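Undergrad: Please build the complex by placing chains B and C on the supplied structure of chain A, with the hints as guidance.
One letter stands for each residue in the lines below.
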Amino acid sequence: MDIRLTVNGTEHALSVDVRTTLLDALRERLELTGTKKGCDLGQCGACTVLMDGRRVLACFTLAVAAEGAAITTIEGLAGDDEPLHPMQQAFLENDAYQCGYCTPGQIMSAIACVQEGYAETDEQIREYMSGNLCRCAAYPKIVAAIRQARPLLENR
Amino acid sequence: MPDGTQTMIGQPALRIDGRAKLTGRARYASDEVVPNPAHAFLVTSSIARGRIRGFHLDQARAVPGVLDILTHENVGGEAEKPKPMAGGDTTSTLESDRVWHDGQIIAVVVADSFEAAREAAHKVRVDYEAERPSATFGSPGAEEEVRKAGEHKDYHVGDAEAAFAAAPFKVDARYGTPTQHHNPIELFTTTCVWNGSKLTVYEPSQFVYGLRGNLAQQLHIEPGDIHVISRYVGGAFGSRGGITARTAWIAIAARRLGRPVRLVPTRDQGFTIVTYRAETRHHIQLGATSDGRLTALRHEGWEVTSRPSQYNVSGTETTARVYACPNILTKVNIVHADRNTPGFMRAPPETPYMFPLEVAMDELAVALGMDPVELRRVNDTMRDPATGLEYSSRSLMECYDQAGARFGWKSRDPAPRSMRDGDWLVGWGCASAAYPANIGPAAVRVTLTPEGRARVQIAAHDIGTGAYTVLAITAAERLGLPIEHVTVELGGSELPAAGLAAGSSHTAGICNAVAKACEEIRQKLALAAVVTNDGALSGQDASALVLREGALRSPAGAKEDLRAALSRVTGGVLEVYAENIPQGLPRESIGKAYAGQMSMSRGHSRQDATTYTFGAQFVEVRVHSRTGEVRVPRAVGAFAAGTIVNPLTAHSQCIGGMIWGIGAALHEATEIDPNAARYVNDNLSEYLIPVNADVPQVEAILVPERDDRVNPLGIKGLGEIGIVGMNAAVCNAVWHATGRRIRELPIRIEDLL
Amino acid sequence: MRPFDYEPAGGTEAALAASARHAAPDAPPPQYLAGGTNLLDLMKIGVMHPPALINIGALRGAHGGIEADASGLRLGALAHMAEAAEHPAILSDYPAIAQSLQQAANQQLRNMATLAGNVLQRTRCNYFRDPSWDACNKRRPGSGCAAKEGVNRLLAVLGVSEACIASYPGDFANVLAAFGAEVGLASPEGGSRRIPFEDLHRLPGDTPQIETNLRPGELITDFHVPAGPWTGRSLYLKVRDRASFAFAVASAVVALDLAGGTVREARIGLGGLAAKPWRSHEAEAALRGRRLDESTAQEAAEAAFAGAVTHGENDFKPELGRRTLVRALLEAAEMEV
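Chains as they are written, first to last, in my numbering: chain A, 1 to 156; chain B, 157 to 909; chain C, 910 to 1246.
Looking at chain A on its own, in the form it has when it is part of the complex (with noise of 0.2 Å):
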């Protein structure tokens, strides 16, 4: 089927099989590989991209069914020469992630959830933070890399 995607602003055109997902359209398609595969069964969260702001997962969304909305995806955050989002730049200072694998997953959970007003409390964004799996478990840091974007965001 032919379709357009909007990605990170700029519109796509492709042909893909029905049963694609927008996750391997992204990843075999686009080339835009932060978007990471780890189960393909909304178990993980590490393919989370935000659906016209809101965090969603790119496994359990057609391709076809992401015509008309703006997806933005990690690559979308800070282009090569620009400077981090303030999201990423507290992930950095904060060592949020070791393999970093599952981290464009969070790191866009994770803007969602300051936009979504869950990171009022640290108990808060440990919840709301529950979706994304991280193996090697950088929780803690993860939890205090949110705290610290969070006012950056709210000023943005």
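The set of hints was computed from the structure by calculation and includes no laboratory data. Because the structure is a prediction, the values reported are computed rather than measured. Among the hints, a few may not be true.
Said to hold, decoys possible - Not the full set, but computed from the structure, chain C residues with beta-carbon under 7 Å of chain A:
| id | residue |
| --- | --- |
| 1 | Y915 |
| 2 | G945 |
| 3 | Q1012 |
| 4 | H1133 |
Unchecked claim - Now the in silico label distances, taken between C-beta atoms and shown as ranges:
| id | chain 1 | residue 1 | chain 2 | residue 2 | range |
| --- | --- | --- | --- | --- | --- |
| 5 | A | Q115 | B | A714 | 54 to 60 Å |
| 6 | B | V190 | A | D80 | 18 to 24 Å |
| 7 | B | P789 | C | P997 | 28 to 34 Å |
| 8 | B | V190 | A | T10 | 22 to 28 Å |
| 9 | A | D81 | B | D697 | 43 to 49 Å |
Just so you know, even glycine gets a beta-carbon here, dropped at the ideal spot from N, CA and C.
TA: Coordinates of chains B and C only, in the frame set by chain A:
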């Protein structure tokens, strides 16, 4: 090493690969873009034991886009079995019709698209000649044997049986730990690209040379014709150390098609196509005097493995030497079942074996009416009780004291069920952690430019440990450069060989190699600078000169800038290749690394001293008095691991390990169907690993420790230590909260109703 | 996953018509695609093979609202779980509903999944979810049930049959069942009907493959939760192994209308324990007109699990279920309303 250079090692540094990871630009092996790939999907066995009578492939072949289907019938002879790093023989896959275990790779479907490959794989029908399988301990048909000495040792010191019989205080109990799977978040992908006779393999790996060497052997091609690339690794934890069967079949699929082939296995396939932590059983007997001194330690373990493999972890090599004891007896048994071959998983021996020892110690403390920390203090020793060798350093009690103070252990009422917060029972527990200070051989190339830029090239692996950054720190310090002026290339078999990134050995192995190369650079520059007639350092003592702040400097303050110093030895850049062979390893160990064979100097097998990292771990649990949920609101660990190259990433490693331990104690167990010998909860929604809400507060203290004997940089390693004591600490805390002693992990609601 | 026809529907009539058009005898029925979080899941793992997906995302305007009035709460079928979880009226007047949604899945899934889709989610029984197991009466009628002698810790003890012990995995639906909600349905034949929520799901009996009483092509349009003096004093207690993002090992819905310490009316539901969203009329009856204390709560719990059937690994679940219900009752009684 001249003094005055120790400025950057030990200072926290942000990851140099941070920006790449945080922006999604880092290319993990699963992300590498190759031209026009075909997509592979695995078909795995649905029985655990038997033979394949035949395949029905017509429906699968009819799926539009299907290009090829590999089975033992058409490719069986094209590859040999991979060779595991331990345990000898292993199970086969497409080599024959034999099915050894559930989820064994029995066919590979290749198609133009992932969607078509998956559809076709689901349409492959298989006729089996099924036999009744044995699932685990106690299953009919499981075969038990005493593990022979060889890869691992048993200890027999004094007369443990007599001492136990005579001891006034005793613990005599049996314990168990479950099957567990690594479940790194990056899947077990493989992409193979042929260019003539040259093969490029993109696969997340903890040992690119191991993958290369083993694959060459399997495919009967030259190792030099294989290039393995694994620049970033999305978690490993032991699962990517040894080669697994999939790689060769994907290489063969790509060769047959004349087109790159990419395999992205499913999460559930990851439970059976790689290794896992096998379930264990233990019998512990401790005898002690009334003042708490151990007089007898017997530890017998049982471990599950596959039918053909002798794989075992024999953690008795550690439990025999944690405490002073004059009478020690250890023994390990292996039980063959119809299972895939197990392998390394975070602190492979210590996680399952320290659990029973450290729970037994807690039980002994209760029997003695002694504080559990004081029991450890009474039995602390600076001499390895199993061999009589000295510990090169050992700060176990310093760890207890620092972590205990931070935790507030002193205010603990020793009585069980003595603390409560509303409906929640509160308990505190502690345990020791110990892990051998291991080190492997490594080669490295370091290049220094007149502009003061350095490049480090080494086939090391950053599996999240911060290897990129510790390499840069070491080179920056020893060459006197800012860390931003050092670039690091790793994760590829085109680079000088480094060993397996596992067993807490990697930082020690690779940083000592870099330090050695940098020292060669310093020496070359210093010697040239002192013998010349015209320089500022002319006639000085070469051994006293150091590289600092972009110049070669004498203690008295004379200096020569890098450009001038370099120009005396080269017209361009200075490139040094160095090999580091750790004490206790033979010269040929570096050749083994190039050949892809594991060689490691182990902390419990050295002739000069016993080298171990120690730690102490404290845990608070809350158990709901009605419904039995266990939560861990806080945990504190302290670890003494010699030199800490980067405290920032080291700290992350330690808390990561501790959280692994919380998961292992309370959540993680792969459930096996007892009749079918098949894994059932092979997904991340029911194989539970901790989520953010599970770990409110986890603290790690890095206790300063200097060890000049362990290796030149004094690095003991800490990737594994964080998990080691946690199982027991949680279990001991649950006893303190509830009065119930649970000796089988994980501890779940049903154990506490 | 097999190829399917994909058809976005512009409105309710179009969706129903598309469903009728794609229906064929001897083929699995077409499916409505909303959040997709369970449907795509089951398609990827080879359990479901619908010939067509009808995307009903565009129907959110018509069937996505949430309204509260004196008669109760109307929940649009296509409202996202996250929307309902944070709706002010639900938070204040129907706390059990908000809690059941907040404690389900994770925020990404709650942003995607709709209320109707959530209610219709299928069992997590792994013998059902993995087609390589031969014996599953729900997936292959007549093939047997491997779970009864297998790994069944998370499976049901209430409402099970010889044929199937799969558990209903959701949270929110248990509250709808307990609260006596009603389901609005639109049919491809034209017209609509309303049925009690308790009649939406079926017990497995001899036909575990038939999970609901929905007619072919029927579309859930809304849920209506009747107002009652008990909805304010209500809670959802979820007992799970992990602190978040986990299915219930056991859960309880409790809503109480108390006069002094005496129960005028109670609404009680159970989750993680039963073959379908579960209301315990027995437990409600045991409490009606009685003083709520530890011993009457225990009696209600005994009544709720009088018919429990266990299969080895899940032997502990009636006891855990009783304790969960007692805890929920006593906590609800303490609520400040």
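Undergrad: Each hint needs a verdict: does it hold in this structure or not?
TA: Hints and how they fare:
no., hint, verdict
1, Y915, "holds, 5 Å"
2, G945, "holds, 5 Å"
3, Q1012, "violated, 9 Å"
4, H1133, "violated, 27 Å"
5, A/Q115 <-> B/A714: 54 to 60 Å, "holds, 59 Å"
6, B/V190 <-> A/D80: 18 to 24 Å, "holds, 22 Å"
7, B/P789 <-> C/P997: 28 to 34 Å, "holds, 31 Å"
8, B/V190 <-> A/T10: 22 to 28 Å, "holds, 23 Å"
9, A/D81 <-> B/D697: 43 to 49 Å, "holds, 47 Å"
Figure legend: structure checked against the earlier numbered hints; hints not met, in rising order: 3 and 4.
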